[in-house]
Amino acid sequence: DAGVIQSPRHEVTEMGQEVTLRCKPISGHDYLFWYRQTMMRGLELLIYFNNNVPIDDSGMPEDRFSAKMPNASFSTLKIQPSEPRDSAVYFCASRTGYGPGELFFGEGSRLTVL
Amino acid sequence: QQPVQSPQAVILREGEDAVINCSSSKALYSVHWYRQKHGEAPVFLMILLKGGEQKGHDKISASFNEKKQQSSLYLTASQLSYSGTYFCGTEAGGYQKVTFGTGTKLQVIP
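So the sequence lines, in the order shown, correspond to chains H and R.
When we follow my numbering, the leftmost residue of the first sequence carries the number 42, and every step to the right adds one.
When we follow my numbering, the leftmost residue of the second sequence carries the number 26, and every step to the right adds one.
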């Protein structure tokens with residue numbers, strides 16, 4: 042089975058540009074999480090969805106960040122406008138809805154904002 | 026709120042043991058442990074549920090003391106392949122979101 046798929050793997054953009062990161066969770070997984078990883082702050086939870094509905098977006102840094110999950114097989118994380126401090130690796134992860142269980146991470150999207 | 030991990034970094038020689046600690050200010054339902062190699066995604070090691078559970082995975086084991094809201098990861102007879110950053114992830118208030126600590130960088134040298 043395919044794992045969690047993220048795209049793009051690498052993105053270099055200039056400050057002020059819009060960035061869209063994409064994620065396809067594992068089929069049948071009810072939960073989807075977006076994390077941001079930096080050296081200083083480790084793995085930060087940005088937002089998570091259950092059955093395509095956003096449950097907790099308290100980790101989203103500011104209004105420049107938005108996330109959607111239009112269906113069970115696709116989610117996007119958008120940054121508009123991007124800033125250099127947004128440079129990080131963004132991970133998407135999914136899990137089943139049956140009790141506690143492991144998170145399956147995608148390979149991550151490395152974002153560099155110049 | 027992120028759980029707190031200690032130490033932040035540790036260097037071991039092959040065959041030595043290490044303990045990584047994770048503590049939270051919240052009542053926990055579960056604790057996850059993951060290992061991340063440089064440039065790769067975190068990989069699941071184990072999950073511990075409330076109830077004072079202990080688990081083992083080869084020579085890596087962990088304990089969970091729910092009263093103290095703490096978990097510890099034990100690596101015995103370390104191997105070069107154990108090198109990486111270890112993250113604990115905690116679930117509070119039900120089995121939903123997993124919040125990670127800042128990680129412990131472990132390096133095993135020959």
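Take these hints with a grain of salt, some might be off.
As the list claims (entries may be wrong) - Simulated pairs of lysine to aspartate or glutamate, EDC-like, Cα-Cα distance not exceeding 20 Å: (1) R:K130 to R:E39; (2) R:K75 to R:E91; (3) R:K84 to R:D42; (4) R:K75 to H:E143; (5) R:K122 to H:E59; (6) R:K62 to H:E143; (7) R:K130 to H:E59; (8) R:K62 to H:E148; (9) R:K122 to H:D98; (10) H:K109 to H:E55; (11) R:K51 to H:E59; (12) R:K84 to R:E41; (13) R:K122 to R:E91; (14) R:K62 to H:E85; (15) R:K51 to H:D71; (16) R:K51 to H:D97; (17) H:K119 to H:E143.
Unchecked claim - Here are some of the chain R residues that sit facing chain H, going by a computed Cβ distance under 7 Å: (18) F69; (19) V123; (20) F125.
If you are wondering where the hints come from, they were derived from the structure by calculation, not from laboratory data.
Glycine residues also receive a C-beta, built at the ideal position from the N, C-alpha and C atoms.
Status of the hints after comparison with the structure:
no.	hint	in the structure
1	R:K130 to R:E39	holds (16 Å)
2	R:K75 to R:E91	holds (6 Å)
3	R:K84 to R:D42	holds (10 Å)
4	R:K75 to H:E143	holds (15 Å)
5	R:K122 to H:E59	violated (27 Å)
6	R:K62 to H:E143	holds (18 Å)
7	R:K130 to H:E59	violated (33 Å)
8	R:K62 to H:E148	holds (12 Å)
9	R:K122 to H:D98	holds (11 Å)
10	H:K109 to H:E55	violated (23 Å)
11	R:K51 to H:E59	violated (37 Å)
12	R:K84 to R:E41	holds (12 Å)
13	R:K122 to R:E91	holds (18 Å)
14	R:K62 to H:E85	holds (18 Å)
15	R:K51 to H:D71	violated (25 Å)
16	R:K51 to H:D97	holds (17 Å)
17	H:K119 to H:E143	violated (26 Å)
18	F69	holds (4 Å)
19	V123	holds (6 Å)
20	F125	holds (4 Å)
The structure is inconsistent with the numbered hints 5, 7, 10, 11, 15, 17, although it conforms to all the rest.
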